[in-house]
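The task is simple: from the sequences and hints, build the whole structure.
These protein sequence lines are chains P and A, in that order. For the first sequence, counting from 1, position 46 maps to 46 in full-length UniProt numbering; every step adds exactly one. For the second sequence, counting from 1, position 167 maps to 167 in full-length UniProt numbering; every step adds exactly one.
A hint or two may mislead.
Here are the simulated lysine-lysine pairs, DSBU-like style, with alpha carbons at most 35 Å apart [what the hints assert, rightly or not]:
1) P/K209 to P/K86
2) A/K2 to P/K205
3) A/K45 to P/K242
4) P/K86 to P/K205
5) A/K45 to P/K45
6) A/K205 to P/K86
7) A/K2 to P/K45
Just some of the chain P residues that point at chain A, by a computed CB distance under 8 Å [claimed, not checked]:
8) A46
9) L255
10) A259
Since the hints were derived computationally from the structure, they do not count as laboratory data. All values derive from a computational prediction rather than experimental measurement. All residues carry an ideal CB built from backbone N, CA and C; glycine is no exception.
Each chain, letter by letter, is given below.
Number of protein chains: 2
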Amino acid sequence: MKTHIVYAHPEPHSLNGSLKDLAVTTLEAAGHEVQVSDLYAMNWKAVVEAADFGEQATSPLQVVRSSGAAYDAGALTPDVMAEQEKLLWADTVIFQFPLWWYTMPAILKGWVDRVFSYHFAYGVGVHDETRYGERFGEGTLQGRRAMLSVTAGGPESHYSDRGINGPIDDLLFPIHHGILYYPGLEVLPPFVLYGTDRMTADEFKDAAKAWTERLLSLETTDPIPFRPQNFGDYEIPSLQLKPNLELPGRGSFDLHVRA
Amino acid sequence: MKTHIVYAHPEPHSLNGSLKDLAVTTLEAAGHEVQVSDLYAMNWKAVVEAADFGEQATSPLQVVRSSGAAYDAGALTPDVMAEQEKLLWADTVIFQFPLWWYTMPAILKGWVDRVFSYHFAYGVGVHDETRYGERFGEGTLQGRRAMLSVTAGGPESHYSDRGINGPIDDLLFPIHHGILYYPGLEVLPPFVLYGTDRMTADEFKDAAKAWTERLLSLETTDPIPFRPQNFGDYEIPSLQLKPNLELPGRGSFDLHVRA
Chain P
1 MKTHIVYAHP EPHSLNGSLK DLAVTTLEAA GHEVQVSDLY AMNWKAVVEA ADFGEQATSP
61 LQVVRSSGAA YDAGALTPDV MAEQEKLLWA DTVIFQFPLW WYTMPAILKG WVDRVFSYHF
121 AYGVGVHDET RYGERFGEGT LQGRRAMLSV TAGGPESHYS DRGINGPIDD LLFPIHHGIL
181 YYPGLEVLPP FVLYGTDRMT ADEFKDAAKA WTERLLSLET TDPIPFRPQN FGDYEIPSLQ
241 LKPNLELPGR GSFDLHVRA
Chain A
1 MKTHIVYAHP EPHSLNGSLK DLAVTTLEAA GHEVQVSDLY AMNWKAVVEA ADFGEQATSP
61 LQVVRSSGAA YDAGALTPDV MAEQEKLLWA DTVIFQFPLW WYTMPAILKG WVDRVFSYHF
121 AYGVGVHDET RYGERFGEGT LQGRRAMLSV TAGGPESHYS DRGINGPIDD LLFPIHHGIL
181 YYPGLEVLPP FVLYGTDRMT ADEFKDAAKA WTERLLSLET TDPIPFRPQN FGDYEIPSLQ
241 LKPNLELPGR GSFDLHVRA
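Listed below in structure tokens is the structure:
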């Protein structure tokens, strides 16, 4: 197994830093290869701008068109190209980050915004009567798996089905489905630690054990069964789920998960 | 009316730039005061780091504790303090941005991560048997309103109730509820333009008209009726919605909206 860990926390001696370190040592001890992108240590540039596209940047700047032209010309910046190569090298991608305001920190969103360029992560494949490009289950990263490992300050009940924050699976859906499944990654259920603002040493010991078990079962864990786009479940090109496919009484995002 | 516009797009001559400009001219012509935070023009720093908290940064860095200590000591960086002052000055806050990967661009997420400091936007109010701090309808920004104005490249059907991306209201829930309603802002229904990768001049004319109408009715538009946290709808401290309050057959996030 070849694992790429994308890690976003400013403090090496943090819970997130410890979970990242534990992932490296656990996977390497099991004989796997690991690469880590420590976004803070790399001083990762979070902001999309014309300079990302070199001479391929249009003026006025059209982000999508410029991104695709720069990708096609091999003219994206070296930091972005290196991350794309790591994604193509890996069979498994782990994202380790704290939930800040119910989603990823800005530095990691900036990794997505810049690395997931047009013609690499979107704008791939043909559009015709039966296909709407290669995305949602197909695409450049098809055949690889991804998993989020996140920490949340609040208690688990706040993220439960009736919890005030909304269910964790729904909060993560825009990342799982919209960012990871979109370019073809299969998405494993997330590893989530709650109440991390007040974690005791004993609680960390339990968390480390649970995390180790998840890491050692990455290859045998079933992904979330999101519906692929081009295999009959959706009308083309409206991309609305065909009638009567959904299970009754489930949330709106659950429409896009098979039974 | 005093409106603070937070605007995040790298190209002034973009659709987002035009919508921001139209907001400024429309509101000023109607006699309102407007301040704009043009995050790209300001070269806004997107990434939370120890330097944000000056001498109040703990070592190792604990982000929450350092953020609160720096806020209490008036020691946050001038860029962050200026944004907090604009939020306190305004009665209405508009966010203008393109949906990138189904959420805000990194530069805007970095505005949230840095400006919404502990003791300003969270960690406010007491915890006791009837209150779990001041948040979700209460807090520092209570009495103000916010609205998202967003552009989406894809067509509207993809963001409909059965659309493959998920319903737009659910995709925006983590921002509406988790970022804006959390520190007390009332949230107006969003202004969303679809299919913006292929917008014609005629379509822009229609969009500008619709946007103008929304801008001139900001004061009379009803906010999304999210449930306030501390007024009987939730168990304390589990913050789970009490039984039988929800409408049947609605999505998981809709539990947190009153009829």
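Outcome of the hint check:
no., hint, in the structure
1, P/K209 to P/K86, "holds (28 Å)"
2, A/K2 to P/K205, "violated (51 Å)"
3, A/K45 to P/K242, "violated (44 Å)"
4, P/K86 to P/K205, "holds (31 Å)"
5, A/K45 to P/K45, "holds (10 Å)"
6, A/K205 to P/K86, "violated (44 Å)"
7, A/K2 to P/K45, "holds (34 Å)"
8, A46, "holds (4 Å)"
9, L255, "holds (6 Å)"
10, A259, "violated (17 Å)"
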